[in-house]
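Novice: Read off the chains here:
Protein chains: 2
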Amino acid sequence: MPKQVDHHERREAIAGALWRIVDQQGWARATMREVAREAGVSLGQLQHYFSSRAEMLAFAMEYASQQTRARVERGLAELDHPPHPRDVLRLVLTEMLPLRPEARATSRMNAAYVLEAMHDPALKRQVGTGLRDGRSMVERLIRQALDEGHIPPGRDPGVETDLLLALTGLATLLELDVVEPQAALRAVDQHLDRLFGPPS
Amino acid sequence: MPKQVDHHERREAIAGALWRIVDQQGWARATMREVAREAGVSLGQLQHYFSSRAEMLAFAMEYASQQTRARVERGLAELDHPPHPRDVLRLVLTEMLPLRPEARATSRMNAAYVLEAMHDPALKRQVGTGLRDGRSMVERLIRQALDEGHIPPGRDPGVETDLLLALTGLATLLELDVVEPQAALRAVDQHLDRLFGPPS
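Chains as they are written, first to last, in UniProt numbering: chain Y, 1 to 200; chain P, 1 to 200.
Just chain Y, with the same shape it has in the complex (with noise of 0.2 Å):
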């Protein structure tokens, strides 16, 4: 390894690290001499990147909020042009829900991340302003798919999104056992059916 080693490199190395141990052994195991001994830096070398846990944190969950817009891109990529409102809020959802194990990863860094910014005024802002992003990002959708005819008038386009976004407690249910893949893909489909009128 050379002397001068990539900065943006290697918080990335370690954010990797991070995302990896909360994956496989949980929140409370991210520590961070467990991250650094992860990432194989001394806790010095990790403490020069980030000075303290909350910090690691919100930088890693920066990190997997870029996967999962990236992924969301490589999806639209492959649907119609232009896609049909409908498609494209499915894909928004169904990758913030732990369906598949990239997905996962970042469903639980999600949950630690929220868990920890109810107590944490700085993580509560960084999580609230991100999260409020994503919501009127969604709401924007919805406006113009209301303004298309894609969804039937009348609609509210601010109660439409939140009961969409409320639907991410099926992540909690995925995650227990309790509700299996596939239903969660038909209940998604069952509300955005509801939503939109059938697929015609």
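Hints in this document: simulated from the structure, not taken from any laboratory.
Since this is a predicted model, take the numbers as computed values, not measurements.
The beta carbon of each residue, even a glycine, is placed where N, CA and C say it ideally should be.
Honestly, I wouldn't trust all of these hints.
Unchecked claim - Per the computed footprint, the stretches of chain Y lying under chain P, defined by three or more beta-carbons under 8 Å from a beta-carbon of chain P, are:
| # | stretch |
| --- | --- |
| 1 | 75-89 |
| 2 | 92-105 |
| 3 | 119-127 |
| 4 | 154-164 |
| 5 | 173-179 |
Chain P: place on chain Y using the hints.
Specialist: Using the frame of chain Y, we list chain P on its own:
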């Protein structure tokens, strides 16, 4: 304090102490040592009741579930007799959301517990069993409402049950101020309107 302290009572006092710490400071702070301090017992005394943090958490969750059931029971007593199934489902769902301080504590306990359960097979069995029991109860209510004609025929009770439980995803959105309590209730009502048809 008499020497002979009621075992059950002290366990409940310890669960209460754990619960306050989780509500106010977060799960990461709820170590055995911190809970002993908050409950006013020695670490040795605490270990006499709970041999591990996971065991203490399992008991506290059972206690939180009892509190939730008690709140639902009290709410049921205030409904018409016989209650409309829509009102029953609305009560069950809203008592799972952090809309009031009491329910907020339960909801935070639950989030911590679920996160821990993802990586602890014994906890996962316990929480999974609890959630599957809850799911069965909701499905029975929906089947009965279908049989009695409150819900339009042709709805799939399994899918409708999963969709209703998925709305517990509102808990996170409420905790992080992404959705306001009134908006969460509007979303719940919109969903129930669509399931039952508008109130007659």
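Novice: Does each hint fit the structure? Answer for all of them.
Specialist: Going down the list of hints, with the structure as the test:
| no. | hint | result |
| --- | --- | --- |
| 1 | 75-89 | violated (count 0) |
| 2 | 92-105 | violated (count 0) |
| 3 | 119-127 | holds (count 4) |
| 4 | 154-164 | holds (count 6) |
| 5 | 173-179 | holds (count 6) |
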